[in-house]
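**Student:** Start from the sequences, fold in the hints, and give me the full structure.
This is what each chain is made of:
Protein chains: 2
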Amino acid sequence: MSNSYRNGELITSDVATDRALLYGDGVFTTLVIKDGKGLFIEEHFQRLLKDCHQLKINNPPLNDIKNSFASIIKNINQGIVRISVSRSSGERGYLCVNPIPVFWISTSQWPAHIETFRASGINVRYCQQRLSQNSTLAGIKHCNRLEQVLARNEWQSDDYQEGLMLDTADQVIEGTMSNLFLVKNNQLITPNLTLSGVEGIMRQKIIEIAKFENIDVKVTTILVDDLNAADAAFVTNSVIGIWPINRIDNHCFVQNPLIKKLQQSLNKFI
Amino acid sequence: MSNSYRNGELITSDVATDRALLYGDGVFTTLVIKDGKGLFIEEHFQRLLKDCHQLKINNPPLNDIKNSFASIIKNINQGIVRISVSRSSGERGYLCVNPIPVFWISTSQWPAHIETFRASGINVRYCQQRLSQNSTLAGIKHCNRLEQVLARNEWQSDDYQEGLMLDTADQVIEGTMSNLFLVKNNQLITPNLTLSGVEGIMRQKIIEIAKFENIDVKVTTILVDDLNAADAAFVTNSVIGIWPINRIDNHCFVQNPLIKKLQQSLNKFI
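Residue numbers (my numbering), protein chains in the order written: chain S, 1 to 270; chain Z, 1 to 270.
Please keep in mind that the hints were generated in silico from the structure rather than gathered at the bench.
Please note that a few of the clues may not be correct.
Same chains, same names: a pair is fine if it fits in one copy or spans any two.
No farther apart than 20 Å at their CA atoms in a straight line, the calculated lysine to any residue pairs in the SDA-like style are these [unchecked claim]:
| no. | residue 1 | residue 2 |
| --- | --- | --- |
| 1 | 66 | 5 |
| 2 | 141 | 129 |
| 3 | 66 | 11 |
| 4 | 74 | 7 |
| 5 | 74 | 215 |
**Tutor:** What follows is the structure, given as structure tokens:
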């Protein structure tokens, strides 16, 4: 007796009752395919599992996901893949009885501008949209991303490549699609993500690489004043790698050799 | 060159790139069909429009939604309908260029227990999951509902029919799927929803009915102590109408004639 219609057309697939569609009730991860391989693929699978665990999405079908992923990327030399896990499809309502997780894999083309901005650096602006604080959702790459959507759509021009988001307590947390690092006295500083933000795989890799290179990394609260007092800053995610920030609104940064060094170290992996 | 797969199967429909599925980037409303008509249907359409406007989902196709809704409910005597509007389908990424909103309509059966609990009242518990505060999302019935999902899945037994949610500042805001009202000295008190929560259509109707019946309504901050000091309490939404609360965890309420009076007034409409 339950029916679903999209733009007036009956949808017979249970896609229509997918809880990711109804409630954003799922998690995802985005990664790069290069030379036919998923970069940091095991880390991405482990993050999916960890995020599922934190949201009590039980028994995500990891083996099926891995097999499907391998088959789908078989003929892709370079590209981007998003892997999502939804809690289940099923009945209306927030309660989920006998959930059976669903996984989605989407491929898209490698955009040429990614490498350009690694070399040239980017312009960044502060977004008006704030991130809310909630320790039970912080860090997780879940499918409730309205705050990021609203922030990213505050501008449509090409003048800015990323926007920085503050939380409701005026702390600088991250970019709309990236994590943030500051360079100050040859130390790396990155925001604490215990109350909001996404713990990116690339953020973790940068921290590991920095430690390997004997660069000190501090995870702490960052305010706008800290950014203004920094020597340099950059954003990271699994697709862009490291994009140096040339300016944030009217505040300019100069090039910093430490960022170049990190990029070179990262290039061994990506 | 973009492809999407669900549980390993290629999905050719652009459902796979629906932004509600990817990011919870949409809004919805749920209403009752009775005697072949949508209850408070105009209010629900207006709320959809208002919520779209607040999230900058531009030009939702209201006429198409209305026509499709009329056609879909034609043969339904009694049931529940969810209407959703997603910002668009399309490319990967938070930025949405040239969006074309998509609408979804789903029907489901009328559950018999709804009327039972109007008469018997319900048992309620406090949820551990907190609601985050964010003024730009507060009040809106958007598709980012992970907090409600996590809260509602804290229990699976039939011993409790609803859970109450506090925000991160210890204010009592609402039920997982309902709005909350207290009765105190023949006055109605309902939580302020400027920082979190959903402004339900039925909440608004209750406020209107109370005013018509010369019952004072106060919208304010509510703490657990206020609930414990109340004479009575009830929850509301467009499907359940009014469910009196018999107890919250171990705190019991007695029946209150004001709730019965509101139910009788509401019965003229539903």
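**Student:** Compare the structure with each hint and give your call.
**Tutor:** Going through the hints against the structure:
no., hint, in the structure
1, 66 x 5, "between (32 Å within a copy, 13 Å between copies)"
2, 141 x 129, "both (18 Å within a copy, 18 Å between copies)"
3, 66 x 11, "between (28 Å within a copy, 18 Å between copies)"
4, 74 x 7, "between (34 Å within a copy, 17 Å between copies)"
5, 74 x 215, "neither (37 Å within a copy, 68 Å between copies)"
Checked against the numbered hints above, the structure violates only hint 5.
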